[in-house]
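With the hints as extra help, turn the sequences into a complete structure.
Protein chains in written order, with this note's numbering: chain A, 52 to 360; chain B, 22 to 533.
One or more of the hints may lead you astray.
[As the list claims (entries may be wrong)] Below are the DSBU-like pairs computed for lysine-lysine, each with C-alpha atoms no more than 35 angstroms apart in a straight line: (1) A:K237 to B:K109; (2) B:K450 to B:K329; (3) B:K364 to A:K142; (4) A:K318 to A:K175; (5) B:K364 to A:K237; (6) A:K237 to B:K450; (7) B:K450 to A:K118; (8) B:K132 to A:K142; (9) A:K142 to B:K269; (10) A:K84 to A:K237; (11) B:K132 to A:K237; (12) A:K237 to B:K329; (13) B:K299 to B:K245; (14) A:K237 to A:K318; (15) A:K118 to B:K364; (16) B:K269 to B:K232; (17) B:K329 to B:K277; (18) B:K299 to B:K450; (19) B:K269 to B:K298; (20) B:K66 to B:K101; (21) A:K274 to A:K318; (22) B:K358 to A:K142.
To be clear, the hints were calculated from the coordinates, so they are not data collected in a lab. Computed from a prediction, not measured in an experiment: that's the story for all the values here.
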Amino acid sequence: MQLKHYPLLLALGLLSSQAQAQTDNDALWMPKKNLCGGIIYQHGQWNHYWEGTFYRENLNIGTVSSKMAMAMASYGINDNLNAIVMLPWIKNQASAGTLIGQQGVQDLSVALKQHLLGRTLCGKYYFNLAGVAGGSTPMTNYVADYLPLSIGMHSTNGYVRAIADVERNKWYATATASYMLRSNVKIDRTAYYTTEMNYSNVVRMPSVANMMLRIGYRLNADKFVELIAERMETIGGFDIRRNDMPFLSNNMDALRTGIAAKWALGKGGLSLMGSGMYTLAGRNMGRSTMLSLGAVYQIDFNKKTIITN
Amino acid sequence: MNKYIFTFAGLALTLSSCVRDREPFSLDFPVLAPLNTDTGAGSWKTILLSKPDDFAVTAPIAVTAADYKLELHEITERQKNKTAQDEKLLSYWGAGTVLRWNEVLRELVAKYNLPPVQNPDGTYPIPSSANPLAYPAFPFANPPYAARAYAYVSAAQYDALVSANFYRQKYRRPVPSQNLNSIVELIPVSGAYSYPSDDITAAGAAVAMMKLLFPGEQANLEAKLDECINTMILSGSCTRSDAVAGEKLGRDVAAKFIARARTDRAGAAVGTPADWKKLESDAINRGEIPWISREIPERPPMLPLFGKVKGFLMDSLEMVNGRPGPPPSTNSEQFRKELAEVKSYSMNPNRTYFRIVHFWGDGVGTYTPPGHWNAIACEDFVPQRFSEVRWARNLALLNMSMMDAAICCWDAKFYYFNPRPSQVDPEIKTLTGVPNFPAYTSGHSTFSGAAATILGHIVPARAAAYNAMASEASLSRLYGAIHYRSDIETGMSMGKMIGNKAVLRAQTDGAE
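Laid out in structure tokens, this is it:
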């Protein structure tokens, strides 16, 4: 399952996309009338960040840590169309300084993933192509304008993503590209400075593009190990000024790398998942390291199981 | 199935673009058409000028002179070739020059309101006015600096406009459209006379004053002034010589305020390491816990000698006599009770408290609490349709009261030098940053008490609303767990006392 949660990613640089099966980020499929549900726990932290492009520490926040527990479910509407739902609870804290931490339920995301080109053999390679459309919206009235400790951006987002997957002898590579639009965000104050004064409580949120490449070894949809490279780029936004606070509409970019795995235990439908991500470079974000662990359980409502992949 | 996906994607994008189409970045203030032209303003009581004609304004050339006809021609030519950008500028500057320069000042305050980063050895650099563009940029426009900046700019504009009104009545040069029928008044032109232009007098005074206060912005300010002048000439409200005379008068009057600003002791308000040490040892000698910076590394206190700055409404004797009694001793039962109250807010934050704390936070990177009260005032002044001179007068009253509030508040803070709640009990976490100066009295409360009092006098229909806002601003510091109740209650009553000094001036300055 998947921690693809942009607002959070952008806000904290703590979380990262992870690659697990049947997410909105891979070309693997839940068979028709199969439901997969589970919980993922993730811990991320950073003690250095990029103020614009300037790399620094800040003794007044020390180490910022983020804990997340996320409920997720993925369902096969049919063999070529999956629905994916996620809802995280997040707790953010700083180890130094006086600022109080934040916690709560963040945004509900819903995505639909459609096969555009089914698993097709071409020479010795299997090809897969999928399209995803999704969106997320805040479930609670959490404080957005309190970076780096707010649990999200409080925007409602819509995104589309293309996924291409190629496989040979159980080795595979998956490439994804996505583009996300974000709604305006209302904050609690009536004026804020970006590169100019804005006499408004409305913040325009720049769009976000994301590209990812994953290479791995896959026994089937529930057993694989992969290496990840990810580039996230905010299209627009502004840099944090010297010694200023971060802001919602900053130009937040990140380049990350990591590893992820999923392993099914026996044939009972239970799988464990784990991942680790590290930030190589960034802009207006923390240099975060993240570890996650999760368990999902798959139920087949067809009575008979068909592994299609 | 593909079509579902794309319908869904389409919906998401459509929804998103609906929300994004709005233009939230500027307030659409209407063009100013004053209800009362205040033709008698030339006799209103000035602040630093001894009389309205302290600075000479030479008599204008006759409206029949060839040079003047060329000036009228400039207007008609500009009006014939008006562009879409001109239209934007007309509606921008047409809302009022005092208003717009106040917004410019608020923007500069926000831009410069950033505390410097520490040096590698843990000390902090101090911004230098002699080298304003080097890091750390000068100034660090923190609340006391900002309060003083707002006061000087407003006060200089007010004196300059009183003088301009005096000369307009003296010289009685008719407004351009009276001298040439083909000139259209693209914005409402206030009064019958235009020499010197009140808009450009206000602009000239503001720019000269702001160049002192924000020396790194000289080029931007001069460019903005050119834009203002050209727009006002285009509008038909003044000719080139009306503008030139106004600009000069504004700068002349500002020079008087600049000279005062150079000697008002604000330049020494940073203090020295010896001053900082003495504040601490004095508190210890009184048997109290001294204030310690909550920042890491410890940052020297913000402008500890600002309490010695020369005020506008109160002299230093009045200020010392008005100094509030001490806060509860850090050894007292009362102190423990108040600390426990702060802690209860820290332990039980809710969304409403966050909203209030952040609405009134006005911390780093913002226009500060005095700037917030300027924003509140301006929004309420717009529908009042004041003349420019009355706009300046009302903002001067507001801002002089807040500068004096800053002085009195800083005097108390550094006289008593008491600790913040989170210093005494490190378990107290805060909903906003802890300001880098002692707790007693609360700056927010003192500013807000002063502002609500004078604004309630200027716009009586809103008096109750201002008091409610001041009370909320004040309590926000308790909800945020950065102030004790004593800080905010004493600050509020001190602020109201200072606000009443401004009311007293308002009642006797000839404008009411």
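Evaluation of the provided hints:
Simply put, K237 of chain A and K109 of chain B have alpha-carbon atoms about 26 angstroms apart, close enough for the 35 angstroms limit, and the pair holds. For the suggested pair K450 of chain B and K329 of chain B, the alpha carbons sit about 32 angstroms apart, so the restraint of at most 35 angstroms is met. This hinted pair checks out: K364 of chain B and K142 of chain A have alpha carbons roughly 21 angstroms apart, not beyond 35 angstroms. Note on K318 of chain A and K175 of chain A: the hinted pairing holds, with a Cα-Cα distance of about 29 angstroms set against a maximum of 35 angstroms.
Using a Cα cut-off of 35 angstroms, the hinted pair K364 of chain B and K237 of chain A holds, with the two alpha carbons roughly 29 angstroms apart. Between K237 of chain A and K450 of chain B the alpha-carbon distance is near 25 angstroms, which keeps this suggested pair within the 35 angstroms criterion. Restraint check for K450 of chain B and K118 of chain A: satisfied, since their Cα atoms lie roughly 19 angstroms apart, inside the 35 angstroms limit. Between K132 of chain B and K142 of chain A the alpha-carbon distance is near 32 angstroms, which keeps this suggested pair within the 35 angstroms criterion.
As the CA atoms of K142 of chain A and K269 of chain B are separated by approximately 59 angstroms, the hinted pair breaks the 35 angstroms bound. Our distance criterion of 35 angstroms between C-alpha atoms is broken by K84 of chain A and K237 of chain A, whose separation comes to about 40 angstroms. Using a Cα cut-off of 35 angstroms, the hinted pair K132 of chain B and K237 of chain A holds, with the two alpha carbons roughly 22 angstroms apart. Restraint check for K237 of chain A and K329 of chain B: not satisfied, since their Cα atoms lie roughly 41 angstroms apart, outside the 35 angstroms limit.
Restraint check: the Cα-Cα separation between K299 of chain B and K245 of chain B comes to about 45 angstroms, which exceeds 35 angstroms; the hinted pair is violated. Among the hinted pairs, K237 of chain A with K318 of chain A is inconsistent with the structure: their alpha-carbon atoms are about 48 angstroms apart, more than 35 angstroms. For the given pair, K118 of chain A sits about 25 angstroms from K364 of chain B by alpha-carbon distance, which is consistent with the 35 angstroms threshold. With a C-alpha separation of about 15 angstroms, the suggested pair K269 of chain B and K232 of chain B falls inside the 35 angstroms cut-off, and the hint holds.
Straight-line distance between C-alpha atoms of K329 of chain B and K277 of chain B comes to about 21 angstroms, which keeps the hinted pair within the 35 angstroms bound. A threshold of 35 angstroms between alpha carbons decides the hint, and for K299 of chain B with K450 of chain B the separation of about 29 angstroms falls inside it, so the pair holds. With a C-alpha separation of about 46 angstroms, the suggested pair K269 of chain B and K298 of chain B falls outside the 35 angstroms cut-off, and the hint is violated. A distance of roughly 42 angstroms separates the Cα atoms of K66 of chain B and K101 of chain B; the hinted pair therefore is violated under the 35 angstroms criterion.
A C-alpha spacing of about 12 angstroms is found between K274 of chain A and K318 of chain A, which places the hinted pair at or below 35 angstroms, so the restraint holds. Note on K358 of chain B and K142 of chain A: the hinted pairing holds, with a Cα-Cα distance of about 31 angstroms set against a maximum of 35 angstroms.
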